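Asker: Following the hints, position chain R against chain C.
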Amino acid sequence: MSTKPRAIVLTGEGLNCEAEANVGFLRAGFESKIVHVRDLLSGKQKLDAHVLHFPGGFLHGDDLGSAKALADLIQATRLDGKPFVDQLTQFVQDGGMVYGACNGFQCLVKLGMLPAFDGRYGEQTATLTFNDSRKFEMRWVKLKVLQSKCPAFQGLEQLELPVRHGEGRFSVYDAFGSVLPSVGEATLLRLFKDGQVLAQYAQKSGPSATSSPTQVYPDNPNGSIQAIAGICDPTGRVFGLMPHPEGYLNFENHPLWHRKADELKRKGEPVPNEGQGMAVFDNLFRYVQENNP
Amino acid sequence: MVYRIEVGLKNEPGLAKKCQELLGLPVAEAFALSVYSLDFPVSSDELKNLAENAFCDKIVEKAAFQKPWVSQNPFHFDLLIEKRFKPGVTDAVGKTAKQVASAVLQRALSDEENVYCATQYLFRTGTAGKGLTQQDGERIASQLLGNPLIEQFIILTKDQYKDGERVPATVPKVVEMHKPIVEEVALASYSDQQLQILNQYRQMGLNMNELKAIQKHFKDADFTKARIAAGLSEKITDAELEVFAQTWSEHCKHKEFAAQIEYKDAKAGGKTEIIDGLFGTYIAGATKQVSHRSPWLVSVFKDNAGVVRFNEDYYFSFKVETHNSPSALDPYGGALTGIVGNNRDVAGVGMGGSDLWFNQFYYCLGNPHYDGPLPPKTLHPRQIFEGVIAGVKDGGNKCGIPTLNGGLSFDPRFMAKPLVYCGTGGLMKATIAGKDSAEKRAVPGDLAVTVGGRIGKDGIHGATMSSDSRSETTPVTAVQIGDPIVQKVMLDFLAVCRDNGWIRGITDNGAGGLSSSFGEMARLSDGVRIDIGKAPLKYHGLQPWEILISEAQERMSVVILPAHIDAFLKLAKDRGVEADVLGEFTDSGFFEVHYNGKPIVYLDLEFLHKGVPKKKLQAEWRGPTQYPNKAIPVHSVADTTRIIASSLDACSKEWIFRQKDHNVKGGTLLPPIGGVKGQVNTPASLIKPVFLDSKEAVATSQGAYPQYSDFDTRQAALCAFNEAVGKLVALGAHLPDEETFWSACDNVCVPDSVYSERNPDGKYKLAQLVRLCQGMYDYAVALGIPFTSGKDSMKNDLTYEKAGKTHKISVPPTLLISLVTKINDYTQTKSIDFKADGDLIYVVGMTKNELGGSQYAEQLGINTGTVPSVNPAESKQLFNAIHTALPHSSSAYYVQKGGLALALGECALAGGLGAEVDLNGVPKESVVRSDLLMASESQNRFLITIRPENKAAFVTVLQRASLGQTFRIAYAHIGTVSNQKRLQYKTLEGKTESMSLQEFSDAYTAPLREDLPEVRT
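So the sequence lines, in the order shown, correspond to chains C and R. Under our numbering, the letters of the first sequence match residues 6 to 298, in that order. Under our numbering, the letters of the second sequence match residues 14 to 1030, in that order.
Next comes chain C alone, as it looks inside the complex (with noise of 0.2 Å):
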């Protein structure tokens, strides 16, 4: 087997960004492959990867409510007369990754393997729900990142990223729900004081363009709760954002590109290739680089 960092990107079921995903991977400099989710819990697909990623798209068509039923089926998934949420774990502990972006996060967080606290892997204490617009909506986002253990945005400060979702409302309890709200509080203070919060939703423009979390839309596209974008585990190797990162690969991804690069050379400076969402790539590429002699 090689030595060069792997990833598997999985497809089916209705995952649609698979293959942006896997160019994402590619670019940066993983082998990557394409492995449909139905391979993998039948085990017939082992998980012989550095990364596995969840990637974005409208599983089960957001039946039963966004990626709600491919948590249910992996729940109920035993392989080798084992739970796969076991082995998930088990993949995790020995140093693996698992990645999800917006339909693959919701999946994750409804999975329980976010943000697991003390290893609960498996124990959903968060969710994703609908957008306080009641609406899908596209639109791009400005993202304050913050120090947390998550690898993938080491060194990062902000990300302009688009964000594609009906159901990005980061929640951790609810008036009609079983959570009580000081128990949701008490999640969402250990989030932050363990460094498990990956990014937030921050202003976009304005005269103080500055990095500010925001909870007014549509700057914080969703009313998630502290304009929370994207989590991790306790050991960082889990993590999960509603953005897109294999959204913007290319510099010319970006709705204002033109502007962009028109700016650019009236100052004779060159005009980039890459989009910001490839730092994410590059970022696990490092790390698994390092971490993985």
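Calculated directly from the structure, the hints in this document are not laboratory data. It is possible that part of the hints are untrue.
[Claimed, not checked] Computed far set for chain C versus chain R, every beta-carbon distance over 10 Å: (1) Phe96; (2) Gln152; (3) Gln159; (4) Gln208; (5) Asp224; (6) Asn258; (7) Ala284; (8) Asp287; (9) Gln294.
[Claimed, not checked] Facing chain R, according to a computed beta carbon distance under 7 Å, are these residues of chain C, among others: (10) Asp68; (11) Ala81; (12) Thr132; (13) Asp179; (14) Gly182; (15) Pro186; (16) Gln231.
[What the hints assert, rightly or not] Think about it this way: if two alpha-carbon atoms lie no more than 27 Å apart in a straight line, the pair counts; the simulated BS3-like pairs of lysine-lysine are: (17) C:Lys272 / R:Lys627; (18) R:Lys708 / C:Lys265; (19) R:Lys186 / R:Lys99; (20) R:Lys690 / C:Lys270; (21) R:Lys583 / C:Lys51; (22) C:Lys49 / C:Lys38; (23) R:Lys30 / C:Lys140.
Source: prediction; values computed, not measured. Glycine included, every Cβ here is placed at the ideal spot set by N, Cα and C.
Answerer: Here is chain R on its own, set in the frame of chain C:
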């Protein structure tokens, strides 16, 4: 026994708001619960586990399963409405819930053991004492929650609930006890009258000539002998009648577009000309004319989509369809199946199909804000508007296909019949398994296999209905609901099989179902024999003919080599995709269908596909409509701009595009909305294949001018085509050459254009169609842009009886031109936004007194003047010049519908910058008023900004382009971009006027704001 699980609650503020604003009901809050009804036995522990863990997100929801949610969690409500599907309507959520239940319970569930999904809505009034009645509930149900054609409602008021009434624990199961039978008809002995009765009774939609051609065929002695030998009789079976009805439908055979037309031009002294088919003469004819200049043409008109060469390794496929009749009946379902059906065309092209790359749409609708009386049996334009947007949205988003561009036109006549155009582009490897991927193949012995969703009664008679005028008796079975995820999973599976080289031919099951898909592919080997008893059914009770022609969604038919069938079926099973071998290809010359071994169809392929008699039609042109010369009242430049910017056609479509994913697949380089605040419509969009490292991309645009058709359809066609090209040129495209493909798709939607007593102006309407086709032919040939595919939709009328009189509303003849072209280096493209303070603003092209059908005149309700005219030779000269000049520019915009007023506003708003312009400088012919100058929709004009230092180079290119030419390209420097957020105009009247960007933006975003929330979630 049925077990109910209720999960919730979801707050629905948008629904409450609609109850107040649209229905005037005192609803303060609305909520929704998801209801899962299990139609199989479960233990109480299992029920609890499913309710609390599998179907419920505990963080934000609670589940109830022993008693109703509203009783378990004491919750005050004034009205309860439960919405369920009618029997047989696709219940996607129920199907997913069943899959989950089976996994969680660790046991297989049979076809009879199902989960049914419903939604329960709860409404509260703000004030105590104010209640909601059963009638209020009925209004909410039918106008806001759903469509009675496919859904049923249970309505309980607070008092009824207090009195102990409950939602019954029942499910919309299909129970049909019919025994399958095949009826036979002794066609040979039928009188004309009997033929006509048969035609009506079976809703075949054929004419007498066609019926008699079939009758004659069934009198043929050799044919009869062959039938008897094949196990049938001399009589025709009901299944065979249906096969003819489908195959010979207008929808499938385009009989009117193929008809011989006697075209009389009353304007030219009654000169008469015989046109041997509009399609052959003008559409395929244009492509034939330019094909020698288009070496990148691969497969045109013969497949489900047009195929051109993208580069050495890839082909590009393109198709645009309309789905008008289904969208009129059920806007959501009609538009959804429109887009996913069109996706199947592109996925069903060539040997194994294209990968889907992007979607586009165009809607012609009534004003969603309309508040007058509606024609009978017509949904409110707001319902249609919201429904079609939601349908195309779900079709694209759920399948992970970016919606790259789209447009809308509004006219009151579209209230009676909306036009819903759905387009798709796809990419496929040029060579698969060593073979040209554009060619389908089948030889005797190859297997006929069907893949995907199950067959139900959905969409029966869809092909024949869409070819017929809408009437009040349109059957509800014509409505289909798609399940995009089933299609996505199927197409993912088929792509793997294609890449493995297992598929030799593929086509989709759309109009006409299996009868069309295998009836068509049978021509590859000259015969096919299938047994539809092997086809998977949604429920029992379908008649054999229904199985054969059902238009149930998400199905493809494929040709599989026998050597690969085991691997194919194994992978299908692994992926959870239904796949069944129905039979095999033959070289018998016959389309043979069996039902559980018994023959029910035995038809000569030659006759089936070529036997349809050619129609003969008459057209008479009386000249363009002359509107009285009415004066347009004078407005200030700012008011003119406001009037235009706030028209539905011109206004910002941000609200629509925000709901449609345009970034998925990672290739989009210019999305459908742009500008610094993301509000401005993008005239042409750009996308690359994410997996290629090269700078190759394609650009796409649309053009449609139904407004001009009332004046002259020829000009409407020329303007639509020219505008679509101009928008691409402004982006950076250059006209076709040997390296650069252009792929044009024409979609013609016209009213009934066949003269009869019931359609007395049919000759004129047909003449309008002829001129429309002539316009697009002339343009395509002059510019060298071939049509690669297209679709016509006839009979877009609504007929109804009122007070004993027949009324008819006909849509204006509407041509949508959809274009795609190759961009070799996308980093060299231009966008429309003003870039920097001090850039010079140029107008290129002449502004004429062409206000007929303009947004300005339409908004003021005045039909007057002339519509813009297009000289294709001048277009060509101008477009080549612009392409050469473009590298010197900072921004470029093709002046389209809405004229200079919209152009200046959109470019400024997109850049977040202002402009100071002197309208006296604009090149013009006989335009003396500033408002008319700003509002004129003359073609062949660009608004371009350049850096001051690029002036000499830019101007030189334009000057050189006119050297030695009779057509001189007019251009002028009219002003400067400024960082004041304000548009300032020096007018022809010697005044200085201004309007702030905010004022423009307010007008531009006013018509389609958040006030129109989503209907379905």
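Asker: Give a verdict on every hint.
Answerer: Hint check:
1. Here Phe96 of chain C stays apart from chain R, with its beta-carbon at least about 21 Å from theirs, past the 10 Å limit.
2. Interface exclusion of Gln152 of chain C from chain R stands, the closest Cβ pair being 26 Å apart, more than 10 Å.
3. Against the 10 Å criterion, Gln159 of chain C stays outside the reach of chain R, whose nearest CB is about 24 Å from its own CB.
4. With a least beta-carbon separation of about 14 Å from chain R, Gln208 of chain C lies farther than 10 Å from that chain, consistent with its non-interface assignment.
5. Its beta-carbon lying about 12 Å from the closest one in chain R, Asp224 of chain C satisfies the requirement of being farther than 10 Å from that chain.
6. Listed as a non-interface residue, Asn258 of chain C fails to keep its Cβ farther than 10 Å from every Cβ of chain R; the least gap is roughly 7 Å.
7. Distance check for Ala284 of chain C against chain R: the nearest CB is about 15 Å away, which clears 10 Å, and the non-interface claim stands.
8. At roughly 16 Å, the least C-beta separation between Asp287 of chain C and chain R is larger than 10 Å, which holds for a residue marked as non-interface.
9. Non-interface call for Gln294 of chain C relative to chain R: holds, since the shortest CB-CB distance, roughly 22 Å, exceeds 10 Å.
10. Hint on Asp68 of chain C holds. Least Cβ distance to chain R is approximately 4 Å, under the 7 Å limit.
11. For Ala81 of chain C, the shortest C-beta to C-beta distance to chain R is roughly 4 Å, which falls under 7 Å, so the interface hint holds.
12. Look at Thr132 of chain C: its Cβ gets to within about 4 Å of chain R, closer than 7 Å, so that hint holds up.
13. Interface restraint check: Asp179 of chain C against chain R, minimum CB-CB distance 4 Å, threshold 7 Å, status holds.
14. Interface restraint check: Gly182 of chain C against chain R, minimum CB-CB distance 4 Å, threshold 7 Å, status holds.
15. Among the interface hints, the one on Pro186 of chain C is violated; its C-beta lies about 12 Å from the nearest C-beta in chain R, farther than the 7 Å criterion.
16. At its closest, the beta carbon of Gln231 of chain C sits 15 Å from a beta carbon of chain R; the interface hint therefore is violated under the 7 Å criterion.
17. Taking the CA atoms of Lys272 of chain C and Lys627 of chain R, the gap is near 67 Å; set against the 27 Å cutoff, the hint is violated.
18. Between Lys708 of chain R and Lys265 of chain C the alpha-carbon distance is near 18 Å, which keeps this suggested pair within the 27 Å criterion.
19. At most 27 Å may separate the alpha-carbon atoms for a hinted pair to count; Lys186 of chain R and Lys99 of chain R meet this at roughly 8 Å.
20. Straight-line distance between C-alpha atoms of Lys690 of chain R and Lys270 of chain C comes to about 22 Å, which keeps the hinted pair within the 27 Å bound.
21. Distance hint between Lys583 of chain R and Lys51 of chain C is fulfilled; the C-alpha atoms sit about 20 Å from each other, no more than 27 Å.
22. With a C-alpha separation of about 14 Å, the suggested pair Lys49 of chain C and Lys38 of chain C falls inside the 27 Å cut-off, and the hint holds.
23. Our distance criterion of 27 Å between C-alpha atoms is met by Lys30 of chain R and Lys140 of chain C, whose separation comes to about 15 Å.
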